[in-house]
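Q: With the hints as extra help, turn the sequences into a complete structure.
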Amino acid sequence: ETGVTQTPRHLVMGMTNKKSLKCEQHLGHNAMYWYKQSAKKPLELMFVYNFKEQTENNSVPSRFSPECPNSSHLFLHLHTLQPEDSALYLCASSAAGGTSTDTQYFGPGTRLTVL
Amino acid sequence: AQSVAQPEDQVNVAEGNPLTVKCTYSVSGNPYLFWYVQYPNRGLQFLLKYITGDNLVKGSYGFEAEFNKSQTSFHLKKPSALVSDSALYFCAYDRGSTLGRLYFGRGTQLTVWP
Chain A
1 ETGVTQTPRH
11 LVMGMTNKKS
21 LKCEQHLGHN
31 AMYWYKQSAK
41 KPLELMFVYN
51 FKEQTENNSV
61 PSRFSPECPN
71 SSHLFLHLHT
81 LQPEDSALYL
91 CASSAAGGTS
101 TDTQYFGPGT
111 RLTVL
Chain B
116 AQSVAQPEDQ
126 VNVAEGNPLT
136 VKCTYSVSGN
146 PYLFWYVQYP
156 NRGLQFLLKY
166 ITGDNLVKGS
176 YGFEAEFNKS
186 QTSFHLKKPS
196 ALVSDSALYF
206 CAYDRGSTLG
216 RLYFGRGTQL
226 TVWP
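Residue numbers (the working numbering), protein chains in the order written: chain A, 1 to 115; chain B, 116 to 229.
Don't read these hints as lab results, they were simulated from the structure.
Among the hints, erroneous ones may be present.
Said to hold, decoys possible - Below, computed lysine-lysine pairings styled on DSS-like, alpha-carbon distance capped at 30 Å:
1. LYS40/A <-> LYS184/B
2. LYS173/B <-> LYS41/A
3. LYS164/B <-> LYS137/B
4. LYS173/B <-> LYS22/A
Claimed, not checked - The following residues of chain A were derived to be distant from chain B, with all beta-carbon distances above 12 Å:
5. THR16
6. ASN17
7. PHE75
8. SER94
Don't be surprised by glycine CBs; every beta carbon is placed ideally from N, CA and C.
A: Below, the structure written as structure tokens:
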């Protein structure tokens, strides 16, 4: 599990705050992902980055802004969130090229609560 | 719509008994199928995957799954359950696009009682 780390593990923020989630992978992978896990709903893919380039935005509201400065780091910048954005945000990474047969390895997640 | 379904929200098994967590898929072509497990306050851990080849896939912690194309199923099994297997299990698929895109089922909570 230490292959993919996420900070902070817990975050409480108001609707007018700006905060960022950080993900770091130590596996030498080149693809990174953000997922949202809400209660009673399946995990939802939010963003995909491959070799630092965004390759998927799964119709995510603009109040979520991803950033991938290099293949090891992925950020999710948050601003003017809504209470319904409260969820567990999971980061994952997979091997070079991020092809479909590659296994995705997940971090422990950041539990976000929006007041 | 393409999807995977986990028909049981909850599965309860006695320790030492065999366990099965069900997954069926509705995906065109030849899907790639995965099983992940999530322990409380933890991220998802990979258990096993089916890409092609032998229909019986063996994974971590003694788990295995059988790909059944005629029944469009990919059930997760273990011959002898442990209390420590209690967790939330997710089935997922990838349609085989150029880049990995996992789509998950709703999850099945497995409880193994002593």
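Q: So, for every hint listed, does it hold in this structure?
A: Results for each hint:
Between LYS40/A and LYS184/B, the direct Cα distance comes to roughly 28 Å. Compliance with the 30 Å bound is thereby established for this hinted pair. Restraint check for LYS173/B and LYS41/A: satisfied, since their Cα atoms lie roughly 28 Å apart, inside the 30 Å limit. At roughly 15 Å between alpha-carbon atoms, LYS164/B and LYS137/B fall within 30 Å of each other, so this suggested pair holds. As the CA atoms of LYS173/B and LYS22/A are separated by approximately 33 Å, the hinted pair breaks the 30 Å bound.
The Cβ of THR16/A lies farther than 12 Å from every Cβ of chain B, with a closest approach of about 28 Å, so its non-interface assignment holds. Every CB of chain B lies more than 12 Å from the CB of ASN17/A, the least distance being 23 Å, so the non-interface label holds. The Cβ of PHE75/A sits about 17 Å from the closest Cβ of chain B, beyond the 12 Å cut-off, so the non-interface label holds. A cut-off of 12 Å between C-beta atoms contradicts the statement that SER94/A is not in contact with chain B; the least separation is 5 Å.
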